[in-house]
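> The hints should help you fit chain B onto chain A, whose structure is shown.
There are 2 protein chains.
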Amino acid sequence: MNTPQTTEVANIVADIQPLIQSKNFVAIVDAVAPLTPEQVASLLERLSVNHLAIVYRLLPKEKALEVFERLTPKMQSDLIDGLQDSEVSAIFADLDPDDRVWLLDELPAALAPRLLHGLSAKDRELTSGVLGYPKGSVGRRMSPEYVSTHPGHTVAQALERVNHHLADAETVYTLPVLDGSRRVVGVVSLRDLMRSESHLKISELMHQAKTTSAYQSAEEAARRSTNLGLLALPIVDKEGRLVGILTIDDAVRILEHEETEDSARQGGVEPLGRPYFATPIRALVKSRIVWLFVLAIGATLTVQVQSHFEATLEQVTLLALFVPLLIGTGGNTGNQAATTVTRALALGDVQPRDLFKVLLRELGVGFSLGATLGALGGLLTALLYEPRIGIVIGLTLVAVCSLAATVGGVMPMIARALRVDPAVFSNPFISTFVDATGLIVYFLIARAVLQI
Amino acid sequence: MNTPQTTEVANIVADIQPLIQSKNFVAIVDAVAPLTPEQVASLLERLSVNHLAIVYRLLPKEKALEVFERLTPKMQSDLIDGLQDSEVSAIFADLDPDDRVWLLDELPAALAPRLLHGLSAKDRELTSGVLGYPKGSVGRRMSPEYVSTHPGHTVAQALERVNHHLADAETVYTLPVLDGSRRVVGVVSLRDLMRSESHLKISELMHQAKTTSAYQSAEEAARRSTNLGLLALPIVDKEGRLVGILTIDDAVRILEHEETEDSARQGGVEPLGRPYFATPIRALVKSRIVWLFVLAIGATLTVQVQSHFEATLEQVTLLALFVPLLIGTGGNTGNQAATTVTRALALGDVQPRDLFKVLLRELGVGFSLGATLGALGGLLTALLYEPRIGIVIGLTLVAVCSLAATVGGVMPMIARALRVDPAVFSNPFISTFVDATGLIVYFLIARAVLQI
Chain A
1 MNTPQTTEVA NIVADIQPLI QSKNFVAIVD AVAPLTPEQV ASLLERLSVN HLAIVYRLLP
61 KEKALEVFER LTPKMQSDLI DGLQDSEVSA IFADLDPDDR VWLLDELPAA LAPRLLHGLS
121 AKDRELTSGV LGYPKGSVGR RMSPEYVSTH PGHTVAQALE RVNHHLADAE TVYTLPVLDG
181 SRRVVGVVSL RDLMRSESHL KISELMHQAK TTSAYQSAEE AARRSTNLGL LALPIVDKEG
241 RLVGILTIDD AVRILEHEET EDSARQGGVE PLGRPYFATP IRALVKSRIV WLFVLAIGAT
301 LTVQVQSHFE ATLEQVTLLA LFVPLLIGTG GNTGNQAATT VTRALALGDV QPRDLFKVLL
361 RELGVGFSLG ATLGALGGLL TALLYEPRIG IVIGLTLVAV CSLAATVGGV MPMIARALRV
421 DPAVFSNPFI STFVDATGLI VYFLIARAVL QI
Chain B
453 MNTPQTTEVA NIVADIQPLI QSKNFVAIVD AVAPLTPEQV ASLLERLSVN HLAIVYRLLP
513 KEKALEVFER LTPKMQSDLI DGLQDSEVSA IFADLDPDDR VWLLDELPAA LAPRLLHGLS
573 AKDRELTSGV LGYPKGSVGR RMSPEYVSTH PGHTVAQALE RVNHHLADAE TVYTLPVLDG
633 SRRVVGVVSL RDLMRSESHL KISELMHQAK TTSAYQSAEE AARRSTNLGL LALPIVDKEG
693 RLVGILTIDD AVRILEHEET EDSARQGGVE PLGRPYFATP IRALVKSRIV WLFVLAIGAT
753 LTVQVQSHFE ATLEQVTLLA LFVPLLIGTG GNTGNQAATT VTRALALGDV QPRDLFKVLL
813 RELGVGFSLG ATLGALGGLL TALLYEPRIG IVIGLTLVAV CSLAATVGGV MPMIARALRV
873 DPAVFSNPFI STFVDATGLI VYFLIARAVL QI
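Residue numbers (my numbering), protein chains in the order written: chain A, 1 to 452; chain B, 453 to 904.
Bound-form chain A, shown alone (with noise of 0.2 Å):
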């Protein structure tokens, strides 16, 4: 390989100036790769503290903690600051997901906190973009402010770490147990250590730790946290190691958050972000008037259907009256079987791979509940109206039904395979969808009984 040699340095540093103006950053990292870790640091020594934070960031993992041991202590703290800056963060945050996957390896877990430390929670927010954790993770949503000990420390010796961070850690009740290298090896409680004779090591009363990646999203991090009803759950990187906790009123807060969002978008409503009152009728308008529109231009297939059936309607004008009573059923079938299985994914009772064993079940359910209704509503027709028109709405109530409780029961499914909402399947959307099909099954089974 092409190893510069250390006078060259100040070319490089010549070089990728313009770059870093340019936000040309695939040929800072080809410009940067065969420099060694002595050879960075020294080109970072170079540059003002928000172009040192850029070429830094794009460091693969482990030559950035190279790296970061062999900068000054003074050198480090430019770094920080660099990271915290703003416009930094921004240009991470902002970074376009499929670069930031190649381009942003994990932080070193050593470096995270020290990132995230002493920040208000909104400037946290901002300063997490450029841990290269995804949006909507709980990397970006974790606390740096925790108190740990290791497995050789005293409970005394714990307890000192404790008092010493009474006044900034986020919790102090529980503490994650690190190893040399940064691992979470175990758990502790305040309780604990204080029910414990303070000679005694840490190891032989720790608890095994629950732990979360901090890829995860923010969402299933906040439920393993309240699922289990812990105070802190531990977050840690690819190789195990601690970068944050996740606390339960953080947890509490971005789960109230997305049901907020669930439940909007179940209703088919933007969600509003705000209190319904301090929300200007505009924004109330705005929020709806999108799905509104879009449901409705899907709602003129149903026009369309009825415009291609439109001879079998003038010949038999009864049929019409059924419609609503028919399309009406089917969307409730739909929206029933969507609104327990979104739930249900939501829990996490309900996982991605069991698409098929969800859909043979609400084709079950679909089909008992469509002979029930289906044999009542078809007698009734029967004998009100006109035996022939009683099997079309019988049969019709069946087939709907079926179609409508698989179909509900599966784009949820379907969503959150192809990682988007499962409540962007909102019960609206169901029920436009199902209401087209169903005519058409209507339209379909009255020819054939009628002959016509």
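Careful, some of the hints might be misleading.
[Claimed, not checked] Which chain B residues face chain A? A few, computed with CB under 7 Å, are given here:
hint	residue
1	V624
2	M646
3	D701
4	V721
5	V737
6	Q758
It should be emphasised that the hints constitute simulated quantities derived from the structure, not laboratory data.
From a predicted model like this one, the values you see are computed outputs, not experimental measurements.
Idealized CB from N, CA, C, for every residue including glycine.
Relative to chain A, chain B alone:
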């Protein structure tokens, strides 16, 4: 007043036994009312543990406290045993809500935690029926395993109490501060205690306590606790005396359960009460069939409306083509409004007293949506079909959207005012309601415009 002599207590015992057998609680209240606390105490001494508990529980609160103080420690413990007995607690838990209100005064705050103390969560839920707090109230869900302190205690004394309860308390991280009569006068965290000099008085470092009445619904109390991010919310009786705490993990569990229920009801499904795959298909069908059936019966209204206008339909078959589109759009608009308002009610952003404000807002939103869609839909229909049909469609969309948004917004408010879960006015329910009324509006407008 005709006060019986102590010698007569023996007679009352004889009278009371059959009243207990026949559960004639009103007569027991009347028989015991004239007795002094001393006489009640001596009456109780002659009863079996279970009977003693039943008679005691029927005393008014003030008297109950006076009697309790006159009982020997052995009798006090018998009384607690009796109140914890599953037969006794079942009697009071199953009481008709109206009877409960006037028969069961609150238990004195000194007794409530003692009653629940040491029970498992399951037994606690059972026994809490004895407390006099209504079903679904936080009084039924609170925990008695707290550590409290007094304003006059020193930090060292409070820490000693914490140390004493490390093994049994539900949480030791938040301590309610009580005055001499158990009123909550503040709250102090373990972290505050650890940060303070040990000779300081609790009154110097305690914070103002946010408390909640035991009568408040568990959902509202849980929402308050998570909104405030409290690890433990003190629960108080009518006089502000501490009867228990709600810990944040219990609060989270309550909210998760409520949200699952709300989500199910909004989709027109009875809540399953267990994970999706743990629910047999039969139970899934059962959770949906009743609502589907009710809605289908509601939907027969649409058949009747269309029967009524059959002549109009036969004259202009074209009108039938637009029925699914129009009622679908109405249903969607109604669902959007209902979803937004139901969630705002659950979060406490909207209060029942805002009914009229919500009505006006939703009317405004619905009109705006209808005007936009109506202008567009009317124009397209006029171009593609017939100008006069275009006018009908346009006007109907304005009317139906205004109606649907208003109904969708107001229904959950009315439900809440009637103390019914707002989510029972589910999206399918609102769709069905709007379907029928929307059809009437459509045909009336069509008749007027087309002059048929």
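> Run every hint past the structure and note whether it holds.
Structure-based check of all given hints:
For B:V624, the shortest C-beta to C-beta distance to chain A is roughly 6 Å, which falls under 7 Å, so the interface hint holds. Checking B:M646 against chain A: minimum C-beta separation of about 6 Å stays under 7 Å; hint holds. The criterion of a C-beta within 7 Å of any C-beta in chain A is met by B:D701, whose closest approach is roughly 4 Å, and the hint holds. At its closest, the beta carbon of B:V721 sits 5 Å from a beta carbon of chain A; the interface hint therefore holds under the 7 Å criterion.
The beta carbon of B:V737 is positioned within 7 Å of a beta carbon in chain A (closest approach about 5 Å), and the interface hint is therefore held. The interface hint given for B:Q758 is met, as the beta carbon of that residue sits about 4 Å from the closest beta carbon of chain A, less than 7 Å.
The structure shown violates none of the earlier numbered hints.
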